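Listed below are the residues making up each chain.
Number of protein chains: 4
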Amino acid sequence: MEKLTESQIAEALAPLPGWSVVNGKLHREYRFADFIHAFGFMATAAIAIEKNNHHPEWFNVWNSVVVDLSTHDAGGITAKDTELARTLEALADKLQ
Amino acid sequence: MEKLTESQIAEALAPLPGWSVVNGKLHREYRFADFIHAFGFMATAAIAIEKNNHHPEWFNVWNSVVVDLSTHDAGGITAKDTELARTLEALADKLQ
Amino acid sequence: MEKLTESQIAEALAPLPGWSVVNGKLHREYRFADFIHAFGFMATAAIAIEKNNHHPEWFNVWNSVVVDLSTHDAGGITAKDTELARTLEALADKLQ
Amino acid sequence: MEKLTESQIAEALAPLPGWSVVNGKLHREYRFADFIHAFGFMATAAIAIEKNNHHPEWFNVWNSVVVDLSTHDAGGITAKDTELARTLEALADKLQ
Chain A
1 MEKLTESQIA EALAPLPGWS VVNGKLHREY RFADFIHAFG FMATAAIAIE KNNHHPEWFN
61 VWNSVVVDLS THDAGGITAK DTELARTLEA LADKLQ
Chain B
1 MEKLTESQIA EALAPLPGWS VVNGKLHREY RFADFIHAFG FMATAAIAIE KNNHHPEWFN
61 VWNSVVVDLS THDAGGITAK DTELARTLEA LADKLQ
Chain C
1 MEKLTESQIA EALAPLPGWS VVNGKLHREY RFADFIHAFG FMATAAIAIE KNNHHPEWFN
61 VWNSVVVDLS THDAGGITAK DTELARTLEA LADKLQ
Chain D
1 MEKLTESQIA EALAPLPGWS VVNGKLHREY RFADFIHAFG FMATAAIAIE KNNHHPEWFN
61 VWNSVVVDLS THDAGGITAK DTELARTLEA LADKLQ
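Chains as they are written, first to last, in this note's numbering: chain A, 1 to 96; chain B, 1 to 96; chain C, 1 to 96; chain D, 1 to 96.
Worth flagging that the hints you see were computed from the coordinates, not collected in a lab.
No false leads were slipped in.
So, partial list: chain D residues that the calculated Cβ filter (under 7 angstroms) puts toward chain B: (1) Ala46; (2) Glu50; (3) Lys51.
Only a predicted model underlies this, so the values are computations on that prediction, with no experimental measurement involved.
Where a beta carbon is used, it is the ideal one built from N, C-alpha and C, also for glycine.
Work out the full structure: start from the sequences and follow the hints.
So this is what it looks like as structure tokens:
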């Protein structure tokens, strides 16, 4: 799994408007209606995440979820991260 | 908490098209895209359910969730059940 | 994936005391302290279940979880079911 | 809900060995066997958290969960936080 180039990352993020690169990781901050929807998003995503065996750094407080994605073994952002970003975005979109 | 009359139940179910009364309980069968969405619905709903302290009978296999609601202490269907049906319907609607 | 013989099933269930064969499926009824622990068990197990891509039939009401396992494609109980029974038992044991 | 004094906090943390005060919040870092157990802990705790309507700041990556507790309205640590710490500790203890 190789690190993506800047232009590959830019291309992958084009259809993912809320995402950007912060401190070398794919970064997204979600805000939901309340804790039920915020954590429901995480609980739903967790099932998909473990299946693909690529785990986010994510933080929650009440209705807020902050996500940072990178691939430790590759020392940067890889296709695993852009794929996880798409998975998270699709689920968050349903619960927002 | 008193049992609802048949006409009260009919009125409550009017805006909940998939719901009916089966064996004296409010009944609904959901089908989702896959297990991730089906169980994600349950995991999200579980947080709301415990908060309201009124619990469904529910069954899951893969993408299917079957729900039956009644109020044990009242020996039938009460406003707690119609309220829970509305809560479940709103969450299922997002994840379907 | 082939159906297990009766003696293979008996051998697999020997270290799983609460499990039996009911209606041709591996069957277990769990009782937890409350809904939080019962559904917490399910939410934890769900992550492992999807990863292994073999799904239980399971039913919950309040502190009770009832599980039935079989392999649809094989028309009976297979090693996938005895493996899932072990996974569920290990997680339930922690949360009971 | 009033802020606890330093000695009240020390007393509350006495039976909670892994907890300390960091940046004015109750702080705990958990490590589980894997993502299934780490997120299973969070999914179980989430049901209890919403019921008590007091939410943690918590962070997860793979098998690690980091928790920070304070009461925004009181500008510090209150009895709500020490109660939530006890709830989290009891659940984490089961899943570790």
